[in-house]
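Starting from the given sequences, assemble the full structure and let the hints guide the process.
Here are the chains, one letter per residue:
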Amino acid sequence: MDRYLDRKPKPYTPLLKDVRKKVEKISGFIKSEEARMQMYSTIVEKGNDGILIIQDGLLKFVNPTLVKMTGIAREESIGKPFTNFISPEFKKVVMERYKKRLSGKAVPRKYEIKIISKDGSHTPVEINASLIDYEGRPADMAILRNITERKKAEDEIRVRASQQAVVSELGQLALTLTNLSTLMNKAVFLVAKTLGIEYCKILELLPDKKALLLKAGVGWKKGYVGKATVDNGVKSQAGYTLRSKEPVIVEDLRSETRFHGPPLLFKHHVVSGMSVIIQGKDWPFGVLGAHTKYARKFTQDDIHFLSAVASIIASAIERKNAETKLAEEKIKMESIINTTEDGLSLYDKEGDVVKINPSLKKLFGVKKDIVGVKREEIAKNRRKFFKYKMDRTDDSLKTQNEVYKGKTLSNILIKIYSKPIRYLEGNYVPVKDGGKVVGMIASFRDVTALKNQAERITQNLIEVERQKNRWQAIFENVEEGVIIINRNLRIIQANETCELMSGYTKKEMVGKYYYEVFDCHNRLGNKYPDFNPLSKVIVSRESVPYDEHLHTSRDGLERWVGVSYTPVFDDGGEVDQLIGVIRDITAIKELERAKSEFVSLASHELRTPLTVINGYLSLLLSGDIGKIDGEVDSKSFMAATNKIYGETNRLTKLVEDLLNVSRIEEGRLKINLRKAKFTESIEEVINDFKPIAEQKNIKLEVKSEFNGRRDTVLIDRDKIKQVLVNLIDNAIKYTNDGGYIRIVSFERDGEIITEVLDTGIGIHPKVLPRVFEKFQQAPGSYLKENRGSGLGLFIVKSLVELHNGKVLVESELNKGSKFTFTLPLVADK
Amino acid sequence: MGESTEEKIKILLIEDEKEVAELYRLKLSLDGYDVTIAENGQEGLDKTIKVDPELIFLDIKMPGMDGFEVLKELRASVKTKNTPVIILSNLDEQELIEKGLTLGANEYLIKSQFTPEGISNKIKDWLVED
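Quick mapping for you: the protein sequence lines, in order, are chains Z and B.
Anchor point for the first sequence: position 457 equals 457 in the numbering used here, and the numbering is continuous, going up by one each time.
Anchor point for the second sequence: position 112 equals 941 in the numbering used here, and the numbering is continuous, going up by one each time.
Be aware that a few hints might be false.
[As the list claims (entries may be wrong)] Footprint (simulated), chain Z over chain B, 3 or more residues, beta carbon under 8 Å:
no. : region
1   : 913-923
2   : 936-944
[What the hints assert, rightly or not] Incomplete in silico selection of chain Z near chain B, CB under 7 Å:
no. : residue
3   : S600
4   : H604
5   : T608
6   : L610
7   : T611
8   : V612
9   : L619
Honestly, the hints are just simulated from the structure, not real lab data.
Keep in mind that this is a model prediction, so the values were computed, not measured.
Don't be surprised by glycine CBs; every beta carbon is placed ideally from N, CA and C.
What follows is the structure, encoded as structure tokens:
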């Protein structure tokens, strides 16, 4: 557009004035009439202007210049009506002025007309007519100056001016008009009118880019505009224009080689035309074309004009698009703001509420319009503005200050005391303009569900974790070995107890065959695969509630195990895994064995005196002994009776021991504490044993080291005497004839310590640690034991401990044993 | 009962319980047997060689060598392989009875179930064939 303004038309020089001035100048110099005539003749014959003379409406004279100008020979024009040579539109005015001039009326001498050349073309001329005397009669002489060039320049100026006007008008329209099609229609109309052509069109590139739509146009047949399309191919003018990105001028479409004219143009008999791209910001909108069915050479100025119009249209489209987008965005934003479940509020530079959305009203229970109210004021009087009480995790005003300093603050939890209570998550974002904070947007999301869910999930997780830990704790800490085995009998998981029982670590166990880790066998020594308790579960699909078998652990130790196997089924109902619970029952088995051996032993011990008693009685009754020849033999009778008596005592003591153990076991053994002199108790017991020791020729020595000091103890005398009896009885029993037994008692650290030493057979080191336990005799050894129930020392220990004392034993095989027990001394009165 | 002293049948009684041993010796002596007592297993084996008894009463529960070990030795020796051995014990577990018989005892008697006379009579059962 600017180019048009820059290109000002050249000033037109009135040539005719120059000629006249020249003529006058020349005439000033020529004095003689003859010379003057000759001069005029030269001017007439050789001047630049055409000269003619009309008399009686007929041409009387034409000069050579005019002949040259029109191409009509003198002979062809002389004598012909002058109007024959004047363009029809000027005939009337020329005739009028000619007549008026002849009649002496004043008419403009100088004006512009067009004359007809021989080839039929019309040449613009400036005519300067005057009345002269020709051959004695008035005639009209006219000097014609070809003004074609001037006319052209003038036209150009006019065209350009009108183009400029169109461009500025369209530019104005583009800025104000909201309706794009109105602008387009106006543009095509004005372009056609300004260029003096029949057709103008705006082609819009369709989204598929394959064709262009005749969006707006003038001159086209009815029904084309808005419907007709032009192929966007290399072969169409529009397509060529889009591709070449340069304005395209077509002189003659019929002989055009760059492309073929589209049907649209041919149908309208278009010959010449030009087209330019309507270039949008990012993509070409389409093509603006101007066409005519007459041959015409469009100039660069025409192209500039068309380009200017195209760029106006393009900018209008851009503007419209931008406006539409903006409007759409605005509508979208509005609808988002109004429909979002998030509460939104906007604050201006001063912190006043500018806008709030419906959700915000709902979430906070906004009671009155808060638009225009300072946030600070709202924060200070929440109850005034909001229906619900609230708690925040932040300092509301501090948050505002931070945001107005440019910070974004998120995840502020707000508790709203509505019914039910809700939780909002607040986010505060500064609104910036060129780095300056000009406002704040606050958004609030209802996170109640999330919070509840999160809490529930957290709670569940904690619970699951707890449960897991519980199970894990149980799994790891149960006394039983717990083992998970897959259906191929491979170990999946095992607990620590399994480690202790098998000798394999948990890691080592995983993946191994169950029977590799637990070398199972039954009492008969049958092993896997002959003995396979697991397969029973897999086959029967039923659990084995309890079974006992042996297994040899890695260290070669044989153990008794009590097992239960439970199948775990997969989704298909097949046994997927087995859970084995294995309890080491070796100790129980051992106890059982010991118990059964004890029973065996006890019955043996009971039977032995009974055998003797029974035997003597039967001998007495049968008369085998006690009689000699039918008379009582008091000697043998007494001997038998003594035997019976001795065995009865033995029996009694045994029964007593058994009963005591039973009482101790059941906690029924009561002790009756009394103050007593300890040494006295010892003496009493020793006195009972003296004869027995003498019998075995055992030296029994008693030594009290109190040396007159106190030996008062709080004891149940009978029980302590039993302790001494059991210890001394054992000592005598296990000491061979001629041996030595010493009983020493002394006081140390508030305790009375009593030691019973013997020079007996001693106790095997294997048995020694368990010598005070009941039933504890080495397995399989009971057949070799000496007489005795194995209860004596258990009773000793139990009785001493009931007195808050302790028992100890030291022994060396074949050398002797030393049993020690302590009793607390009673404090001084 | 005992006709002539030089023809007395020799009985070995391996028994650690003195009172029991004494009882049986009393009865068996009265019945005319030549009774030798061994107080433990090893003594029993020694006296078997020394005395060459025609029948042995063997206790099971004894210090040192138990009755089964003694029995094994007796049965392993050519000299005593066929000597009647009657186990006399107050242990009455079936397991032990079976063990005794398996090891070659002719009989397993529970002491408390027999009078001295009953025991004495058993000798005749085992020696009458000779």
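Structure-based check of each hint:
Here the region 913-923 of chain B counts 5 residues with a CB under 8 Å from a CB of chain Z, which clears the bar of 3, and the coverage holds. Figure legend: the region 936-944 of chain B, annotated as covered by chain Z; annotation consistent (4 residues with Cβ-Cβ distances under 8 Å, at least 3 required). With 7 Å as the threshold, the beta carbon of S600 of chain Z comes within range of chain B, its nearest partner Cβ sitting at about 6 Å, so the hint holds. Because the closest C-beta pair between H604 of chain Z and chain B is about 5 Å apart, less than 7 Å, the hint holds.
The beta carbon of T608 of chain Z comes within 6 Å of a beta carbon in chain B, closer than 7 Å, and the hint placing it at the interface holds. A least Cβ separation of about 5 Å between L610 of chain Z and chain B falls short of the 7 Å threshold, and the interface hint therefore holds. Proximity of T611 of chain Z to chain B holds as hinted, the smallest CB-CB distance being about 4 Å (cut-off 7 Å). Residue-level restraint check for V612 of chain Z holds (minimum Cβ-Cβ distance to chain B is 5 Å; threshold 7 Å).
Because the closest C-beta pair between L619 of chain Z and chain B is about 6 Å apart, less than 7 Å, the hint holds.
Comparing the model with each numbered hint stated earlier shows that all of them hold.
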